[in-house]
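Asks: The lines below spell out each chain.
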Amino acid sequence: MEDLHKQLAKIIRAAPDDATCQNILLALDGYIAAQLAGQNYQLRFPEVAFHLDGCLTCAHAYARLYELALAEAAQQLPAPAHIPAPNLDFLNRETAVSLPQLLQNALHRTANYLTLQLSAQLLPLLQPPPALALRAPTDEGRYAHCLLLLEANETLPLSLAVYQDAHNLTNCLVEVTLELPDRHWPDLAGTAVSLHTPTHQAHTTTDAWGIAVFEGIKTAELPHLTIELTEM
Amino acid sequence: MNEENIALYLACQSQDIPTQTAAFQAVWAYLYRVALKLVYDQPNAADLAQDCAQRALIRVHERLAECQEPAAFRAWARQIVSHLAIDYLRQHKRLLPLEDEESETAVSLPTPIPTPEDQTITTLTTHELYTHIALAPISDRSRRVVIGRYRDDLPDEYLAQRESQLTNQTVLPSHIQVTRAKNIAKLRNYEPLRQFLGVATK
Numbered sequence: 001m002e003d004l005h006k007q008l009a010k011i012i013r014a015a016p017d018d019a020t021c022q023n024i025l026l027a028l029d030g031y032i033a034a035q036l037a038g039q040n041y042q043l044r045f046p047e048v049a050f051h052l053d054g055c056l057t058c059a060h061a062y063a064r065l066y067e068l069a070l071a072e073a074a075q076q077l078p079a080p081a082h083i084p085a086p087n088l089d090f091l092n093r094e095t096a097v098s099l100p101q102l103l104q105n106a107l108h109r110t111a112n113y114l115t116l117q118l119s120a121q122l123l124p125l126l127q128p129p130p131a132l133a134l135r136a137p138t139d140e141g142r143y144a145h146c147l148l149l150l151e152a153n154e155t156l157p158l159s160l161a162v163y164q165d166a167h168n169l170t171n172c173l174v175e176v177t178l179e180l181p182d183r184h185w186p187d188l189a190g191t192a193v194s195l196h197t198p199t200h201q202a203h204t205t206t207d208a209w210g211i212a213v214f215e216g217i218k219t220a221e222l223p224h225l226t227i228e229l230t231e232m
Numbered sequence: 233m234n235e236e237n238i239a240l241y242l243a244c245q246s247q248d249i250p251t252q253t254a255a256f257q258a259v260w261a262y263l264y265r266v267a268l269k270l271v272y273d274q275p276n277a278a279d280l281a282q283d284c285a286q287r288a289l290i291r292v293h294e295r296l297a298e299c300q301e302p303a304a305f306r307a308w309a310r311q312i313v314s315h316l317a318i319d320y321l322r323q324h325k326r327l328l329p330l331e332d333e334e335s336e337t338a339v340s341l342p343t344p345i346p347t348p349e350d351q352t353i354t355t356l357t358t359h360e361l362y363t364h365i366a367l368a369p370i371s372d373r374s375r376r377v378v379i380g381r382y383r384d385d386l387p388d389e390y391l392a393q394r395e396s397q398l399t400n401q402t403v404l405p406s407h408i409q410v411t412r413a414k415n416i417a418k419l420r421n422y423e424p425l426r427q428f429l430g431v432a433t434k
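Residue numbers (the numbering used here), protein chains in the order written: chain A, 1 to 232; chain B, 233 to 434.
Chain A with its partners taken away, still in its complex shape (with noise of 0.2 Å):
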């Protein structure tokens, strides 16, 4: 308490200097989101909380924003009657590439080995159909929603399958599954695959099923996702 008592001293003393106000105006959007969650938002930002009480520059600003999460939650943006048209001149206007295209450039293959590398370019080509592929029902649901699905084709020996972790939002697990005309179960087993991402190596073999499953993928990396099976 008695450090209450020597901060409000302290910020009637003298007004806060320009320089601390920027650094406080980026930490706002996390004091207003623990402000938001019911938590200690005071206690756990202090340096933000005194600087409000001294900056009335910044507690407008704290104020607008907060308003707006509010507003945000309650589904109660403005909705004017008219929004003007954005200029897209900005986007990237290359010429627009077709699915086999993409992935006639991400397949390279030899005689016993394959590689898979996904793209920007290729992910959003890849979204499924609003039919979604489910996982099996062991996993109580934590994978049932899926990101991507790639089907196998006369010249791409497996398919590919991306599903969000409900446990963790920002992971996914991705399963490779090999789909050979003249193999079935159970002589699938045994193919090793590996996955490679920027942050990530992971090495696996197929089940009697030809099935290969690697979590905790980082969503944000399938851009630079590369899959290599090898002794098909």
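Hints may contain errors.
[What the hints assert, rightly or not] Short derived list, chain A residues pointing at chain B, Cβ under 10 Å: (1) 7; (2) 11; (3) 12; (4) 13; (5) 53; (6) 61; (7) 72; (8) 76; (9) 107; (10) 120; (11) 122; (12) 148; (13) 211.
By construction, these hints were calculated from the structure, which means they are not laboratory data.
Don't be surprised by glycine CBs; every beta carbon is placed ideally from N, CA and C.
Position chain B against the provided structure of chain A, taking the given hints into account.
Replies: Okay, now just chain B, sitting in the frame of chain A:
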């Protein structure tokens, strides 16, 4: 909502022109509404919102790879437009209503009282501090929100609820914060309190 965010994030990166265009138009509509909420009281609110949202849209496009959590894509885009709008208002000194701007200017004139490193506040001086605040020429609500926070350690949510009940009007925690900042600025210019704090530093 998370799935929608991820889908929108990926669609913004699409090389398929109709897909990417539709995605950025969806982001635009959201950014415009957020910007309009932040600048609602400005004389040229619609134009200002359009300008902030347009700059934010370009920045979203340029910095897409920096979005660490595609599941929170809208929140990330909202931060971008919010910072642009608040920065604009701050740089053009349009964050404060006119009457607050005048009082803010007034309290910057007195020289700040120096604080010795080893200064402590005893129980006696704490009592005197709040006695001065009780006598200062500020409104009763102002007094309640300053004392409520610093003497009684009450959160703004509680103070807002109490003021709402007292006035039979909706008072938000953000109103409490602005009221407190405004009146601490006034207290800086209240001579008996300035003298008291000057005595306490000796």
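Asks: Confirm or reject each hint.
Replies: Tested hints:
| no. | hint | verdict |
| --- | --- | --- |
| 1 | 7 | holds (7 Å) |
| 2 | 11 | holds (6 Å) |
| 3 | 12 | holds (5 Å) |
| 4 | 13 | holds (5 Å) |
| 5 | 53 | holds (6 Å) |
| 6 | 61 | holds (5 Å) |
| 7 | 72 | holds (8 Å) |
| 8 | 76 | holds (9 Å) |
| 9 | 107 | violated (18 Å) |
| 10 | 120 | holds (5 Å) |
| 11 | 122 | holds (9 Å) |
| 12 | 148 | holds (9 Å) |
| 13 | 211 | violated (24 Å) |
Checked against the numbered hints given earlier, the structure breaks hints 9 and 13 and satisfies all the rest.
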